[in-house]
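**Student:** Each protein sequence line maps, in turn, to chains R and D. Each number in our numbering corresponds to the 1-based position in the first sequence with 28 added. Each number in our numbering corresponds to the 1-based position in the second sequence with 18 added.
Keep in mind that the hints were calculated from the coordinates and are not lab data. Hints should not be assumed to be uniformly reliable.
Said to hold, decoys possible - Stretches of chain R that chain D covers, calculated by requiring three or more beta carbons in the stretch to come under 8 angstroms of a beta carbon on chain D:
#, segment
1, 65-73
2, 255-269
3, 302-308
Stated by the list, open to error - What follows is a set of in silico ranges between Cβ atoms, one per label pair, in the way DEER data are often shown:
#, chain 1, residue 1, chain 2, residue 2, range
4, D, V243, R, G208, 50 to 56 angstroms
5, D, H238, R, P178, 41 to 47 angstroms
6, D, S48, R, E250, 53 to 59 angstroms
This structure is a prediction, so every number in the text was calculated from the model and none was measured. We put the CB at the ideal spot given by N, CA and C, even for glycine.
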Amino acid sequence: MQMSQAQSVDTRPNLPEAADGSSGTQSVVRDVSGNKLRTRQLRAFFGKAEVLRGIDLEFPERKVTAIIGPSGCGKSTFIRCLNRMHEVVPSATCTGEALLDGKDIFRMDPVRLRREVGMVFQKPNPFPTMSIRDNVLAGLRLNGIKVADPDALVEKSLRQVAMWDEVKDSLGRSGMSLSGGQQQRLCIARTIAMQPKVILMDEPCSALDPIATARVEELIHELRDSYTIVIVTHNMQQAARVAHFTAFFYMGELVERGETKEIFTRPSQQRTEDYITGRFG
Amino acid sequence: MSPLHTDKEYEAELARLREHLLLMGAHVESQLTAALTSLATQDTEAAGGITGRDAEIDRIEVKIDEACIELLATRQPVAKDLRFVLTSLKVVTDLERIGDLAGKVARLVAEGISLSDVEAQRQTDEMGRAVTAMLRDAIDALVESDIYKAEAVIKRDDAVDESCAALLKLIAQGIRQDVQRVEDYLRLHTVARSIERMGDHCTNVAEMVVFLVRGQHVRHLRHSVWMHKEPEKLH
Numbered sequence: 029m030q031m032s033q034a035q036s037v038d039t040r041p042n043l044p045e046a047a048d049g050s051s052g053t054q055s056v057v058r059d060v061s062g063n064k065l066r067t068r069q070l071r072a073f074f075g076k077a078e079v080l081r082g083i084d085l086e087f088p089e090r091k092v093t094a095i096i097g098p099s100g101c102g103k104s105t106f107i108r109c110l111n112r113m114h115e116v117v118p119s120a121t122c123t124g125e126a127l128l129d130g131k132d133i134f135r136m137d138p139v140r141l142r143r144e145v146g147m148v149f150q151k152p153n154p155f156p157t158m159s160i161r162d163n164v165l166a167g168l169r170l171n172g173i174k175v176a177d178p179d180a181l182v183e184k185s186l187r188q189v190a191m192w193d194e195v196k197d198s199l200g201r202s203g204m205s206l207s208g209g210q211q212q213r214l215c216i217a218r219t220i221a222m223q224p225k226v227i228l229m230d231e232p233c234s235a236l237d238p239i240a241t242a243r244v245e246e247l248i249h250e251l252r253d254s255y256t257i258v259i260v261t262h263n264m265q266q267a268a269r270v271a272h273f274t275a276f277f278y279m280g281e282l283v284e285r286g287e288t289k290e291i292f293t294r295p296s297q298q299r300t301e302d303y304i305t306g307r308f309g
Numbered sequence: 019m020s021p022l023h024t025d026k027e028y029e030a031e032l033a034r035l036r037e038h039l040l041l042m043g044a045h046v047e048s049q050l051t052a053a054l055t056s057l058a059t060q061d062t063e064a065a066g067g068i069t070g071r072d073a074e075i076d077r078i079e080v081k082i083d084e085a086c087i088e089l090l091a092t093r094q095p096v097a098k099d100l101r102f103v104l105t106s107l108k109v110v111t112d113l114e115r116i117g118d119l120a121g122k123v124a125r126l127v128a129e130g131i132s133l134s135d136v137e138a139q140r141q142t143d144e145m146g147r148a149v150t151a152m153l154r155d156a157i158d159a160l161v162e163s164d165i166y167k168a169e170a171v172i173k174r175d176d177a178v179d180e181s182c183a184a185l186l187k188l189i190a191q192g193i194r195q196d197v198q199r200v201e202d203y204l205r206l207h208t209v210a211r212s213i214e215r216m217g218d219h220c221t222n223v224a225e226m227v228v229f230l231v232r233g234q235h236v237r238h239l240r241h242s243v244w245m246h247k248e249p250e251k252l253h
């Protein structure tokens, strides 16, 4: 369900989209700071309940940023705002600004935005009736995008997630026949096939065993040279292992954001220190 | 004071590590005091009894090492907990070395060392007192995470170094004046060097306290670069 004007507390007009995906009349402010994505005073609501209280956060290009925080702090809601999945929920709204390459995402066509800002979910969700090959191409097909050489794209995407050698002889098998870890990597391949600018990951390893988790983390290391990645995780060691930057959310607020090594060795905020050392609540 | 860990067992494990450190510090301080007393009183019998005390210090050192390894493996500590575990791993080496050096002084006393040179004896006593105080304050600073006390310990090491240099001059002079007593002076030289090294180890402990509190490595920095600065408080 798309966010309607009536549901939204955002009073900005729904401007027509230009060919490049940006608003036709909006002035585009190019971000020269090296940030692929940034938010300013981003607020999110469920009905009248404010769950994000004005988040200013930057995501440098081709870097991994982890978002940590206790359950209910708003971290998943935050990344769901970044590809406008939040507003799909009835009564859910958001205000403020989120700029992708300087363009306000709230003035972009949500479907087009989701091609540029892909999402990998907590539970691997390959399409159950589709083969491995079709799962990789699913996003493109659903968006009506024709690919000149689909086989080459399938191979390239599966190679990027280090699955090609494992499945190259069984591309016609159901995606559901794979292990949990392989299914998650297949979902990442599906996201990559869309050639997004940003990949959002919402606890991508929480349903995986340690070996499958290590493979996904290794994959994140590979992908960070090509994509801007935002990962929400409850596993702080995972944040420490994979992310260049870490942001700590608490009760809908951004408490602290910094280089991961600083956050985990000498955070500047007492609340961050208390949370990461397990002295919370 | 920050709140306790949500996981009480983790809190207890860190508390046990702190207790072991205190215990090791107390044993080392006691060993040092006994060695310096035997030196000042020329009590060869007492000195002979001290040399066997190393085993208990070594046992606690191993226990602390094991506790740190277990905490790292099972708790993956971060931030100040990580700094505390790393500090513990580092300072036990310094404390153990101070214990060894105190044992070395006691062995020299047990073998017989004659301090007939009044000025040399005065200088040795002075160095010994200074280093004993440094050790006590370094352990206090560690336990209390007191950065100002740690800074004071580090500054006092310069005075110990100066005393040592003055004592070595006296020793050289003594050898030139009375070559027959060269062995005594050589033993005294070893004592002076040992006490001076203990001061260095106390300084190392104090520098690790700075790391523990601020997360800043100051081991190879000039004092003026980092001292007398307000510790960064967490907001």
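**Student:** Next, verify each hint and record whether it holds.
**Tutor:** Verification of the hints:
{"no.": "1", "hint": "65-73", "result": "violated (count 0)"}
{"no.": "2", "hint": "255-269", "result": "holds (count 3)"}
{"no.": "3", "hint": "302-308", "result": "holds (count 6)"}
{"no.": "4", "hint": "D:V243 to R:G208: 50 to 56 angstroms", "result": "52 angstroms, holds"}
{"no.": "5", "hint": "D:H238 to R:P178: 41 to 47 angstroms", "result": "59 angstroms, violated"}
{"no.": "6", "hint": "D:S48 to R:E250: 53 to 59 angstroms", "result": "56 angstroms, holds"}
In terms of the numbered hints stated before, the structure departs from hints 1, 5, listed from lowest to highest.
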